[in-house]
Structure formats: structure tokens, C-alpha cells
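What follows is each chain in one-letter form.
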Amino acid sequence: MTRQIPIRLFGAFRQGRSDATLTVEIDTDARVSELRQAMSKALDSDSARALLKASAFATDTEILDDDQPVPEREISILPPVCGG
Amino acid sequence: MIHVDITEAVLDPLAALSHCCADSHGAADLFIGRVRNLNEGRAVTAVSYDLHPVLCKNIFAEICREAQGRWGDHIHVYLVHRLGRLEVGEASVITAVSSPHRAHSFEACRYLIEQMKVRAPIWKQEHYVDGDSEWIKGHALRNPA
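These protein sequence lines are chains A and B, in that order. So that you can map any letter, position 67 of the first sequence is 67 in the working numbering, and since no number is skipped, the others follow by simple counting. Remember, the working numbering sits 1000 above the position in the second sequence when you count from 1.
To be clear, the hints were calculated from the coordinates, so they are not data collected in a lab. There's no promise every hint is true.
[As the list claims (entries may be wrong)] Beta-carbon label-pair distances, calculated as ranges:
hint, chain 1, residue 1, chain 2, residue 2, range
1, A, 68, B, 1065, 19 to 27 Å
2, B, 1107, A, 28, 47 to 55 Å
3, A, 49, B, 1128, 19 to 27 Å
4, B, 1007, A, 6, 24 to 32 Å
5, A, 65, B, 1026, 41 to 49 Å
6, B, 1072, A, 53, 38 to 46 Å
7, A, 47, B, 1070, 38 to 46 Å
8, A, 44, B, 1007, 32 to 40 Å
Just so it is clear, the structure is predicted and the values come from calculations on it, not from any experiment. In this text, a Cβ means the ideal position worked out from N, Cα and C, and glycines have one as well.
One chain only, chain B, in its complex shape (with noise of 0.2 Å):
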């Protein structure tokens, strides 16, 4: 089973949980995507994610089935992404997976995560206490010419 979603409003752990979960699964990993108020010494006060719903949808989809692909398709697997403002704590990214064992749930779990932050067309621009506002550079999706 595969969930994959982007949504302006907050992010639910237990949903996720309720997704990964099965009776013959004796193990979940649950991965959250906190904003944090540093980053390269700047004092950060939120952040605005952008993302280009239809293609990224597509793209989390097409990670889960990798996943699936490589851990098997009985596991259960969960991503869902925040879109709009963020203050600092707020969850911006959640993924799940379940297994029958937890070596398959830990390792799915990253994959998720990891795939996700070099392929999903998202961006995220950081405000600051100072009053600025920055887009933060990113990994290339094509290779430079």
C-alpha cells in the first residue's frame, strides 16, 4: 500500500502510523521533517515551501514503488509533504514505512527520505529575524551544459 500526498494543512504522525501498519508487519520507521531555527549561522523565524503539485506527487509515487521494488511490495509505505508557511517546529515532511521485520523499515524509511530530498520538485525559502528572505540553493535535476 502506497500513500503519497502534498498538503497546506498540519502534518499527522498517526496517519501515518495508521498506514504502516499490518498484522503481519512487527515493525514501523517513521521519519519527520522538523523547520529548524538555524541553518549556515542565519537565525530562521519559518520557512515557505514551494513545489510543483502534479509532478511531485507523481515523483513520490514513483520512490515508493522503488521502494517497493527493492524491499517488496507487501511493505506499506507513506510520504507527505507540507506546501505554504512554516514556523519553526512545524513538521514539513513525513514518511513511513512498514515490514514484517525492522531491517526493511529502517532502510525503506531512508530511502524515502533521501530520494525525496533530490528528486521532488520542492523549494524552500527561508525568512529570517532580520526581516530577509532567501531561496535556498538545491540539488540540480538536470546536469549543467
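Same shape as in the complex, but just chain A (with noise of 0.2 Å):
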């Protein structure tokens, strides 16, 4: 069993696309590590799969480690943080 997850983008992974989320099957039972590499595949750059090295997934509430399973919520990809 799979199921389809839309990504949220922000920041640089916004570069260059019309579209803020990005969508990847994964397995029903993956964990956020598969989740990665879904994401890789689907990138369509070498810059975009660097960038996905340092970031993080996360839920509205949470940063995600990638032993977790992908849980039921709305899932972000953040890339390192600049604020202020």
C-alpha cells in the first residue's frame, strides 16, 4: 500500500516553480528517511537535492527525525532558517 503526500515548499525550494507543494508516493508504513528519498527523486536539480540534505520535514507542530514514520498531517520541507 502507498499513498501520496504533498509536500509544502518554502523558501529556495520555491525557486524557479509555480507550485508550493510537491508530491511523492511513499509506502503507507514509511518513515521520514524514505520520505527523503522520495523527495530526491522528484527534484529536478542537483542545487535543489543539496539543499534537501540540510533541511528538515515538519509538521505545524513539530521538526520530524528520520526514524520517525511520516505521520497524518500536513507535511513541510524546511531549508536552513534566516530570520531577522
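Two chains, two separate frames, one set of hints: put the complex together.
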């Protein structure tokens, strides 16, 4: 069994894209590390894949570790931050 | 008292000082972060801020609660960040703290801005005089694999 995961994109991940999400397919019981692999395959440039390595997956309430199961909630990918 | 927000409206330092006020507070500290016209040798005209609204406010609140944990529940804490395109000179962030004595206000106000910069899901894209734009490299929220 698989499921579709729409990933919200922020910052440099939006560069050159008209949409703010990227949808990937993963196994129903996949962990965040597998989501990362699926997203890496779906990205269209080496620079985006390099950015992904330094980025964190998150829900609205927490940053996710790679060994966690992918929760049934909205998922975002957060590149390195620089507020202020 | 804690106040956190993200907004597209111009930031108001007086609103921060109004929140950070109590008869028992003899000190109030205010920090304003502004868009500057030069970064790493490149002339900047504006900065566009992108952020994750819900997670950002959650993390702002978490940072403010930590400040109260360190310097006392009685301190008043304020943390607001702009969203969207800002021209040079505009305020992008305001942090403020009031407390009975100045040491705690200084320390807590600095804590807010330093923690916000490395933990809040906010990204900025600089726009340059030559027409180019670039997303600024920041602090990773995960340990690299």
C-alpha cells in the first residue's frame, strides 16, 4: 500500500516553481528517511538535492527526525532558516 | 504575558512597548531588526520574507516561554516578524521584554532574537541593485546525514 504525500515548499525550494507543493508517493508505513529519498528523486536539480540534505521535514507542531514514521498530517520541507 | 505574531503590516515599536509594560517593571528592552542596504559586498534594494506561519508562531511562543522559564513568569515578552517584501530600512522583526530590573530585560530580549534567528522557519530572499535575487543560506534545522 502506498500513499500520496503533498510536501509544502518554502524558501529556496520555491525557486523557479509555479506551485508551492511537491507530491511524492511513499509506502503507507514509510519513515521520514524514505520520504526524503522519494523527494530527492522527484527534485529536478543537483542544487535542490543538496539543499534537501540540509533541510528538515516538519508538521505544524514539530520538526521530524528521519527515523520517525511519516505522520498523517500536513508535511513541509524546511530549508536552513535565516529570519530577522 | 506573551505576544507573538507574524504580519504583513508595518511593525510598530510602540505596540511592543505597550505590551511590555507593568507598574512593577522598571525596565523595558526593545530590539528592531531592519533590512540593510549591503550584504557580503552586494548592494541590496529589498528583502522578501517567506515563512511557515503556524510552525513559526508555535516556535515563537516556545522561545518566549523559555525566556519566562529563565528570567521569570512575570516578565512580559513580545516577538513579531514581518512577512512579504520589505524595502531597505523597514523593520523585519521586533523583540521586546520588560521586567522589574534591567539585567533580565537585556538578557531576555537578546535571547529572543538569537533563538528566533536559528530556530524559526523563516527564509529571506535578497534583491540586489543589479536585478539579481538570491535566497540566503541559513541555519540547518537538522543534522546533516
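So, going through the hints one by one against the coordinates:
For the hinted restraint 19 to 27 Å between residue 68 of chain A and residue 1065 of chain B, the CB-CB distance of approximately 24 Å keeps it satisfied. Checked against the hint of 47 to 55 Å, the C-beta distance between residue 1107 of chain B and residue 28 of chain A comes to roughly 48 Å, which is consistent with it. Against the hinted window of 19 to 27 Å, the Cβ-Cβ separation of residue 49 of chain A and residue 1128 of chain B comes to about 26 Å, which satisfies the hint. Between residue 1007 of chain B and residue 6 of chain A, the C-beta spacing of about 27 Å keeps the proposed range 24 to 32 Å intact.
For the pair residue 65 of chain A and residue 1026 of chain B, the supplied restraint of 41 to 49 Å holds, since their beta-carbon distance comes to about 44 Å. Remark: the range hint 38 to 46 Å for residue 1072 of chain B to residue 53 of chain A is upheld by a beta-carbon distance near 41 Å. Here the CB-CB span from residue 47 of chain A to residue 1070 of chain B is close to 39 Å, well matched to the stated 38 to 46 Å. Judged by the Cβ atoms, the range 32 to 40 Å given for residue 44 of chain A and residue 1007 of chain B holds: they are separated by roughly 34 Å.
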